[in-house]
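*Asks:* Each chain, written out:
There are 2 protein chains.
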Amino acid sequence: MGIIVQKFGGSSVADKEKLYNVANIITKSYDEGNKVVVVVSAQGKTTDGLVSKAKEITDNPFKREYDVLLSTGEQITISLLAMVLNKMGKKAVSFTGWQLPIITDNNYSNAKIKYIDKSRILEKLNEDYIVIIAGFQGIDENENITTLGRGGSDTTAVALAATLEADRCEIYTDVDGVFLTDPKIIKDVKKLDEISYEEMLELATAGAKVLHNRCVEIGKKRDVDIIVKSSLEEGTGGTVVKHQDNLEDMYISGIAKDNNIARITIIGVENKLGRTYKIFDLLAKENINIDIIVQPIGEHFEKDISFTISKENLKKTLEVLKKNIDIIGAKDVRYREDLCKISVVGVGMINNPGIAAKIFEALYENNINMHMITTSEIKISVLVNFEDADIAVKSIHDKFFL
Amino acid sequence: MGIIVQKFGGSSVADKEKLYNVANIITKSYDEGNKVVVVVSAQGKTTDGLVSKAKEITDNPFKREYDVLLSTGEQITISLLAMVLNKMGKKAVSFTGWQLPIITDNNYSNAKIKYIDKSRILEKLNEDYIVIIAGFQGIDENENITTLGRGGSDTTAVALAATLEADRCEIYTDVDGVFLTDPKIIKDVKKLDEISYEEMLELATAGAKVLHNRCVEIGKKRDVDIIVKSSLEEGTGGTVVKHQDNLEDMYISGIAKDNNIARITIIGVENKLGRTYKIFDLLAKENINIDIIVQPIGEHFEKDISFTISKENLKKTLEVLKKNIDIIGAKDVRYREDLCKISVVGVGMINNPGIAAKIFEALYENNINMHMITTSEIKISVLVNFEDADIAVKSIHDKFFL
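Line by line, the protein sequences are chains A and B. Here the working numbering is used: the first residue of the first sequence is 109, the next is one more, and so on. Here the working numbering is used: the first residue of the second sequence is 109, the next is one more, and so on.
Read the hints as simulated data drawn from the structure, not as lab findings. Careful, some of the hints might be misleading.
For chains that are exact copies, the list does not tell them apart, and a pair is met inside one copy or across any two.
[Stated by the list, open to error] The calculated lysine-lysine pairs, modelled on BS3-like cross-linking and capped at a C-alpha distance of 27 Å, are:
| hint | residue 1 | residue 2 |
| --- | --- | --- |
| 1 | LYS198 | LYS424 |
| 2 | LYS126 | LYS161 |
| 3 | LYS380 | LYS502 |
| 4 | LYS329 | LYS350 |
| 5 | LYS226 | LYS328 |
| 6 | LYS199 | LYS423 |
| 7 | LYS163 | LYS153 |
| 8 | LYS171 | LYS199 |
| 9 | LYS380 | LYS126 |
With the sequences and hints as input, model every part of the structure.
*Replies:* Rendered as structure tokens:
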């Protein structure tokens, strides 16, 4: 029989009852004859508790030590889940990131997986053990502890599925799959049975919180079927994220809302060759990811450059830019945190030029101001005021589906 | 300059304020030019919290997974202390047990240190870092996580001091050294400036909670000066545990009380060669340590054998003995948990035959019944009823020192 990787997030393993629920899902797969590898996150609010312990000391902890701290959360979960499975009479064994090891680069708090040694897992699977792995963590080549950043346990799970050539990777969450948009905004919104990696990637980057883009990227690169489903209810089988050949008849596959953005505007940048490069090179060196960039066509002596970043990078971004304002050759740096990004994703979009117009029409009809617009082959994103965001999602949804 | 190892227990690192207090002690030593290696325990009640998480699931967790769980406590402390020192402008770096590594046997929850790789510590000391090590933990030769059992962080500290050939090992605690007996029982009791390893060992085994006997054994074997002192008050310099040449003039160096004992009596053991061996061999195989043994002189067909153990081994001991009652050739196994062991320790004792008599006299004058008595070269222990224990300590103290 084949290998299945199952990943359970923090809310799915939050207490003893939840651990037993998860153990039942695992043993069901195991008793059906599968070899099961389980990846878990830290329990419930454990990580938040660790973060606030660090925050009590400093707003800016040395990242090496911060990762030593955060990685304890998943280690607690693996041992408790192994105990539950043992108690249920199953053979189960846990491994931390370093025990395999999972080797990453040394970009603390946002490390990327370079290599997973699968030998200990295969050895234990062959001895009929259920193997439980701590998500979110690894070590660099000097055996320093690293963590993978937001959505890190999903990334661990899909990377393991790829390494083990697993039949599939099941990501258990508190909703029964991927929906066209947030069911909290629009009731009875359609659940997708399947979605392509490309669309899922755009949705992930656009702020849909179901899957982190890094895990989808690995899935796409290594052709891992990722199944998103509910750990709490007997669902419809969730949503399969997979390679899709027949994309022609697809249209819009998601509308996402992202609150976690800040917009930076650099005022009065001299219109000289290399200025833009310089700015984004400075930010890249600090590992700050840039999302939407808007730069006017350079016809004047000066220009204003705007772009969006995640809120957690705001402080660092402002520091870097203000420290280097002379090098950049700019007059001022401004920012706004009260904006929201609405993204509409669909592989069919590029061949349906009317879609953008229809989106703008929906927003116009509801008096919603657009602050920035970007388009890619399969995505259109607009920035709107925070208070307009939910109406924006609903108006776009209704325009296309009612 | 030389290397100093400083160990801080759970109550000394319980919160942010305590961590700053500890960091001040560390930086003082560092600023005096010493190379400082710090060993810490889990914060305050952290370990208790982890234990109860496991207890919610099972009374008898698989020990491999239990150690995975418990070892997270110290990992949290090392990262937080490193952050505090960093915040204070010092270079500090943390290492877990596996990162050095500290290699132990695979006797989970009570593992013994076999070897410590000091290379990473020396490298960081040479770069002027303060090096912070997680106490209580190690890994076996297959990279499974192990913990060292009660007093494990003391053991880590002294083993590190031995391996690093440190000038001294400072054990910080909430009292200012080793006292003749528990200051909670007798106020203004004398603090010892120095004590030999042998006496400290007897006191540790006798239940004085200042130092665990395993750390004293390592100190003795490798000639490490161990200094016990307070982390909270500017004390008198604490107590030095060290090799002592001139033992002649010593007398009594401690009176200890141990509540954590259970007495087992095996009834009606056939008086045949090898029976006693068989019993203690069975217990040794389960890693159960035996303390006082009383076996009557074998003149009858049957005999009763009594011995004491730690309370936490009671359940297992009864299980082992009852399962093997036919092999042992006994009629019944009984136990009592309501006894206390009072021990009087002093290297001078053996040359002062009147001491035992004086102890018995003190107890007799206070109507205290003695249930078992054992004597070694430097220790006399008696079992008394739980409710008599404090009066016993006080009466012995007063007999000798008033």
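*Asks:* Against the structure shown, which of the earlier numbered hints fail to hold, in ascending order?
*Replies:* Going through the list in order, the structure violates hints 3 and 9 and respects the others.
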